Every structure is written in C-alpha cells, then in structure tokens.
Amino acid sequence: MHRINLAAALLVTAILLAAPSALAATSTVVVSQVYAGGGNAGATYQNDFVELFNRGGSAVDLTGWTLQYASSTSTSWSATPLSGSIQPGRHYLVQLASTATVGAALPAPDATGTSNLAASGGKVALVRDATALTCGATAGSCSGSALLEDLIGYGSASDYEGAGAAPALTSTTAAVRQGGGCTDTDANAVDFASAAPTPRNGSVAAAACSGTPTGDATAAAGVDVELAPFLSVALERSSISFGQVFAGQTPPPVSEHVTVVSNNTAGYVLTVHRTAFAPADLPLGIAPSATAALAPIPVLPAADFVLASASAATAAVGDVWPASVGFTSALPVLPPGRYTSTITFTVIGR
Amino acid sequence: MIVAPPPVALAASPARIELVGAGVRTIRVTNSARVGVVVDASPAGFGLDLRGRPRIVARRDPAVRVSVSPGRVALSPGATASVVVSTTVGAHARPGDHELLVLLATRRLAGAGVSIRMQVGIVVVVRVPGAVVRRLDVRGLHVHGPGLLDVTVQNDGNVAERIGARTLRIVLRRGGRALAVLRPTPRELLPGARGIVAARYPAGVRGRVSATVELAGRAAVFRIRLP
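Heads up: the sequence lines are chains A and B, in that order.
350 is the number that our numbering gives the last residue of the first sequence; the numbers go up by one with no jumps.
227 is the number that our numbering gives the last residue of the second sequence; the numbers go up by one with no jumps.
Treat the hints as calculated values from the structure; they're not laboratory data.
Please read these numbers as outputs of a predicted model, since none were measured by experiment.
A couple of the hints might just be wrong.
[Stated by the list, open to error] Pairwise CB distance ranges (calculated):
#1 B/R183 <-> A/D281: 43 to 51 Å
#2 A/T114 <-> B/V35: 24 to 32 Å
#3 A/S311 <-> B/I224: 23 to 31 Å
#4 A/S329 <-> B/H92: 47 to 55 Å
#5 B/V132 <-> A/A290: 28 to 36 Å
[Said to hold, decoys possible] Here are a few chain A residues that face chain B, going by a calculated C-beta distance under 8 Å:
#6 T99
#7 V102
#8 A104
#9 A108
#10 T112
#11 S238
#12 V269
#13 S311
#14 F345
#15 I348
Glycine included, every Cβ here is placed at the ideal spot set by N, Cα and C.
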C-alpha cells in the first residue's frame with residue numbers, strides 16, 4: 001500500500017515537474033509569418049517582414065527581446081530589438097529590409113530592422129534577450145538555448161524545429177503558421193505552409209486560439225470583432241458616350257447609377273465635378289434621378305455639386321442614386337471634332 | 001443568384017482616422033470592379049460647408065501635415081492594397097483638432113466620350129495635445145422655409161463639436177406657453193468655423209413666436225414669424 005502511494009506520489013511529482021518543460025517547449029509568442037521577397041522582382045510587398053502572434057491568454061512584454069536572423073547555414077545572427085507588448089490573440093509586425101521600391105507598402109510596423117532575409121533559406125529566431133545567438137550550424141543546435149522563444153528554419157536552413165524546415169519562400173509567398181497562427185507542434189515542416197503574405201500589425205483585431213489556457217476550471221470563449229468604418233463607391237459606367245450629335249440638338253441624358261456603401265452612422269456626401277470639355281466647353285449637367293432636372297456640373301476649380309448626402313449608415317446593398325448625365329441646353333455651334341471631358345464622383349464620410 | 005461586379009468600384013477602410021499627435025495608420029483600398037484601376041493617393045484639406053457637408057478645401061495649418069505612401073497603387077480586379085498614412089505635428093501647431101483628408105482617386109478610365117473618375121475621401125483628424133477649449137455661440141436664427149428653421153452657430157473652441165439633440169434645442173413659445181420643442185439634425189462643426197444647424201417645426205405652428213435656442217448651457221431668445 002505504501003509502495004502504491006509512493007508510486008502515485010512519484011507519478012504526480014513527475015507530471016508536475018514535466019509540466020513546466022512541456023509548456024516551455026511550445027511558445028506563447030510565436031513567429032506566425034515570414035516573408036523574404038520584399039522589393040524583389042514581382043514582390044507583393046516592398047519590405048521583408050516577420051509577423052509575431054501571441055497565442056496565449058495574457059499580454060506579453062517584449063521589452064529586451066530581439067528578433068534574430070541568420071542566413072541558411074550561418075551561425076552569425078543579426079538582431080532587431082523589440083519593444084512594447086503584445087496582447088493575447090494579437091499580432092506584432094516587424095518590418096525588415098527592402099531591395100527596391102517594388103510591391104505594396106506594409107501596414108504600419110510595430111518594430112523595424114535591417115535584416116535582409118534570403119528567400120531560398122534562412123533562420124528566424126525570437127529570443128528573450130538582446131545577445132546575438134551563435135548556434136544554428138546543425139539541426140536542433142539552437143533548441144538548447146534557454147532564452148529561445150521560437151525558431152523557424154525555412155528552405156535550405158541548417159537548423160529548424162522538428163524533422164525538417166518550413167517551405168522556401170518566393171516574392172509572392174510567405175511561410176505562414178497554420179491554424180491562424182495557433183498551431184505549434186515544434187515542427188517547422190508541419191506548422192508552416194507556403195501561402196500569400198498577409199502582414200498584420202498590433203492594431204488588427206484579436207483572434208484568440210481555442211484552448212488558450214485561462215487558469216480556471218471553466219473556460220469562456222471571448223468573441224471580439226472590430227468593424228472598421230468602411231466607404232465604397234461604384235458606378236454603372238466607366239465612360240459616357242453621347243454618340244454623334246449636331247449643333248442645336250440636346251442629346252438625351254445617359255444613366256449613370258452611383259452606389260454608395262457606408263457603415264458610418266453619420267453618413268456621407270456624394271459630390272461631382274468635371275474638367276472643361278476640350279477643345280471647347282459644353283454645357284454638361286447631372287440629375288440625381290431620371291426625372292429630376294439637370295443641374296450644371298461645376299468645372300474645376302469651382303466647388304463640387306452635391307449630388308446626394310445621407311446622415312445614416314446605408315443598407316448592406318448600399319444607397320443607389322439613379323443619376324443621369326446630359327446637356328443642360330442645346331449644343332452650341334462649334335467646329336466639328338471629338339470633345340472630351342472627365343467627370344469625378346467623390347464620396348466622403350461625414 | 002450570382003451578382004456581377006460593377007464596371008468600376010472603389011472601397012476603402014477605415015473611412016475615418018483619428019490620431020492624437022503624430023502617428024501612422026494604414027488604409028486598405030480594394031478594387032471590387034471588373035477592370036483593373038490605378039489609384040492615386042494624395043493629401044488634401046478638409047472642410048464642411050455651411051450646412052455641414054464635407055468638402056475638399058485648401059490645406060490650412062502647415063504645422064500639421066499628412067503624407068501617404070505609396071502615392072500610387074495599381075489594383076487588378078478584386079485586389080486590395082495598403083496605403084500608409086503618416087501625420088506630423090510641428091512645434092508651433094495649435095492645440096486641438098486639425099482635419100485633413102486623404103484622397104484615393106482612380107485615374108481616368110479609358111473609353112469614348114466623357115471619362116469617369118472616382119474618389120473616396122478619408123477624413124484624418126489629428127488632435128494636437130494641449131488645452132482643450134470648447135466654446136459654442138448662437139449667432140442667429142431665421143426661417144429657412146415652411147417648416148424649417150436655421151440656427152447659425154459659431155465654434156470658437158479648438159476642437160470639433162458634434163451638435164445634436166443633446167447639445168441644442170429650440171423652444172417655441174407664444175404668450176409664455178410652450179408650443180413646440182425642436183431638436184436639430186445632427187452635424188459636426190469644425191473649430192473656428194460657423195455653420196447652420198437645421199431644425200424642423202410642426203406645420204400647425206404659425207405666426208409670431210419667440211424661439212429660445214439653448215446651446216451648451218446658454219440660451220438666446222429670438223422673435224420670429226413662422227409662415
């Protein structure tokens with residue numbers, strides 16, 4: 001009986017001792033995305049970047065931490081200091097080097113560094129210290145570092161977590177952690193897949209991982225969604241042609257329905273202006289509906305004509321303004337030729 | 001039912017950016033149309049007309065600046081791009097709210113005759129830290145037409161004010177007896193600006209009345225004739 005109790009006590013002790021090391025093996029803050037094509041020919045983004053993700057249930061202070069990079073087989077690491085904190089379920093964007101002004105700008109980064117990541121292979125480490133690593137020559141060599149929070153080796157990397165490296169990168173693909181950044185089995189080849197880069201910074205809404213430890217016997221799933229104010233405008237036509245017309249005629253108006261979608265509760269205003277016709281101006285007008293009278297469209301730099309306004313959010317399908325564009329009077333006697341102008345529709349949230 | 005995308009369409013989010021001091025934000029621009037577009041992003045001044053409708057104006061305070069990067073993005077159908085908006089605040093910027101605009105404008109679309117462009121204006125409000133001054137004054141009241149009163153309000157403070165039912169009300173009286181209590185159509189009034197706040201009155205109220213305009217804890221009385 002005593003022997004059984006002792007065995008049970010040892011088992012419990014073993015579990016309690018094993019638990020911390022098991023928790024330490026899977027990181028709370030992980031590298032969730034690596035993009036190395038910044039500024040390369042055909043690049044999606046102008047800069048390399050590494051995205052971090054807090055898959056835990058509480059905020060993590062990154063003060064004193066660094067994001068480190070070493071090329072494929074190198075043991076010489078360059079460190080980018082991190083600052084601030086990363087809230088649970090939130091991301092943290094580290095902008096790195098660019099080779100040229102090719103591709104879109106990244107969202108506002110949370111930290112900036114100069115490491116130039118190779119697309120063919122490399123190692124990225126998240127370290128709870130500012131000292132540069134010296135490991136990485138062989139697989140598993142960095143795992144012994146007590147200050148290593150997370151490591152990803154990709155492509156031809158000499159070191160990585162697990163049995164193999166994550167996929168190599170290209171100008172249009174990133175290594176993206178699976179499960180929305182939540183998957184962490186300490187096996188880079190399994191945890192990461194090649195996908196289009198989608199950089200997220202600290203302002204992106206939280207996305208908690210299911211199973212995030214809460215410290216309680218019961219768990220609650222918090223639902224957090226942040227709807228950003230949104231504004232869109234769509235037009236029925238990309239150009240308007242009245243065909244061949246003659247002096248003294250008034251061509252019939254042409255419809256140009258304008259659809260505005262906005263979730264801003266204060267509404268919006270839709271205005272219009274135009275350039276003068278070249279080589280000589282013509283009396284172009286617009287009406288907010290097919291039955292309304294045409295009003296002259298102001299020529300820049302005159303103030304815009306207010307076509308429509310709303311003081312509330314639109315329905316999901318938007319407000320459709322059945323505008324029509326035509327001439328406010330008969331066309332004057334002018335030399336024959338093609339007369340062109342540009343109409344600009346502007347929508348601004350209130 | 002499959003709904004075809006419109007020939008030309010442009011969307012942006014967020015539609016409004018509010019910052020305290022200098023800062024950086026990202027706008028996502030989406031081309032939800034059938035054709036590719038090139039979008040120019042540029043800063044502009046922002047104002048409101050007398051009736052509170054947004055408009056593009058010349059930039060006013062050079063101490064508060066907004067810049068955008070990149071200045072041009074090419075979007076294939078369905079594509080989304082990010083435009084980074086950065087604001088800087090000079091040492092001599094006056095405290096309070098500064099309203100600016102970022103314009104996202106499609107380039108002229110190819111086609112015969114009259115070409116079309118679209119613009120989406122993103123309002124950027126920068127609050128420069130310092131003493132906040134809030135002062136609203138009623139400068140006049142007149143009948144705009146049957147059923148509609150216009151109250152002229154001056155914002156002598158340094159922050160934008162939202163004027164609505166909680167901040168302004170009009171009581172119509174005759175012989176000391178209240179005939180109607182009017183609530184205005186909400187609007188924003190920028191710092192240093194004068195604007196008109198509209199309020200509807202009941203059709204049955206006509207003739208000479210006194211109108212008491214209550215705004216920000218103060219009251220002004222006007223004698224008017226309602227048609």
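Which numbered hints are broken by the structure, listed smallest first? Violated hints: 2, 5, 6, 7 and 10; rest satisfied.
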